[in-house]
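J.: Using the sequences plus the hints, can you model the full thing?
Residue numbers (UniProt numbering), protein chains in the order written: chain A, 1 to 214; chain B, 1 to 141.
The hints are simulated quantities; they were obtained by calculation from the structure and are not laboratory data.
Hints are not guaranteed to be accurate.
Stated by the list, open to error - Derived DSSO-like pairs (lysine-lysine); straight-line CA-CA distance at most 27 Å: (1) B:Lys130 x A:Lys213; (2) B:Lys73 x A:Lys79; (3) B:Lys73 x B:Lys62; (4) B:Lys53 x A:Lys167.
As the list claims (entries may be wrong) - Not close to chain B: a few residues of chain A, all C-beta gaps over 12 Å, as computed: (5) Glu14; (6) Glu18; (7) Ala19; (8) Thr23; (9) Ala157; (10) Arg165; (11) Ala198.
Glycine included, C-beta positions come from ideal geometry on N, C-alpha and C.
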Amino acid sequence: MAGAEEIEICEGGEESIEAEAKTERGDEKVLLQFLDSLDGYLTLMDSLNSKLREGWFDLASARHSMGTLRINTTLLDLKDHSASSTLQVTDQEVESLGSVHCFALSKWASKGGSGKGKDFSTVADSEMGSPRSPQLRHRGVSGEKPSDKGETTVLAADEEIKKERAKSLSVFGGLVSPKLRGAQLSFETALETLVEIANTRSSMLTAFERISKK
Amino acid sequence: MAGRASIPARNSALIAMIADELCPSVSYFVSCVLDTVVGFLMAGVGNVDIRRKTNYRIVDSKTTVRQIEDAFKEFSSRDDIAIILISQYVANMIRFLVDSYNKPVPAILEIPSKDHPYDPAHDSVLSRVKYLFSAESVSQR
Chain A
1 MAGAEEIEIC EGGEESIEAE AKTERGDEKV LLQFLDSLDG YLTLMDSLNS KLREGWFDLA
61 SARHSMGTLR INTTLLDLKD HSASSTLQVT DQEVESLGSV HCFALSKWAS KGGSGKGKDF
121 STVADSEMGS PRSPQLRHRG VSGEKPSDKG ETTVLAADEE IKKERAKSLS VFGGLVSPKL
181 RGAQLSFETA LETLVEIANT RSSMLTAFER ISKK
Chain B
1 MAGRASIPAR NSALIAMIAD ELCPSVSYFV SCVLDTVVGF LMAGVGNVDI RRKTNYRIVD
61 SKTTVRQIED AFKEFSSRDD IAIILISQYV ANMIRFLVDS YNKPVPAILE IPSKDHPYDP
121 AHDSVLSRVK YLFSAESVSQ R
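T.: Shown next, in the form of structure tokens:
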């Protein structure tokens, strides 16, 4: 009897040790996630800095060629209009962190007649505005039909984005310097980086809260 | 508002900006009106509603601290804004307000401006988490 009790106590002790080890592993995981997010945050801020510098430099070049009066904040469109680039905020479940706010960027969402915007998600971002692949340039007859519809959609999307970009620059006049277009692309890239920073910030703060509670 | 436990999912939320603009320096004739706001507006984030309310606030030499505070409070309380971009130089003017902000959304991101590079030491998010690396927190463990 005493032996059975001893065995039970040992097993109970082993279970609690295992539970403690599991908790410790979980804590270490959260700590690692926090440190990774912190590192990612600092790296992305550095990347943002260089992208903004590119944009500022291109803006300065455009202003030099087009003139200071043509590029300044007094020309900003104050008629009511919606933002073409917007965000979606959702809650995502992340292992060991729980619910984390996630930001997703929709660039150049066009406003069609139905009032619904077509979103050009940031996933295929870098490829928008330029051919996704050499296949798009092939005009010859091909036996492969299913890809045609996809190509047409991509081309139509590219056209929409070009229109939205041109519309955004139209406040500076009909003819704009290529440097201004370059600045626009630089700031678009900076915007994507900012959304990544926001997501990294969100996971960093969530991990920090978990660690602080312990 | 302050007591809500969860943030509802937001679709088509905006990015607000509080950034600085340098006034052109006549004595140097340099085209230094380099404007972060102009750049991001070209990227399509600008929004003006029917009442001509914008999602950006340009800070220049004539802007008072009170006006910056009001802009920050307004943007941080709007439901349709998910991220607020604020030049770190401007954030330093209302540092107490930015550091005391602790909601997850809208997210406050401090960005560099042309003449004021990003300084991690002043970032409100990093200030909040550096506690973990301070000597006091280590000794308490």
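J.: Broken hints, numbered, in rising order?
T.: 10 and 11
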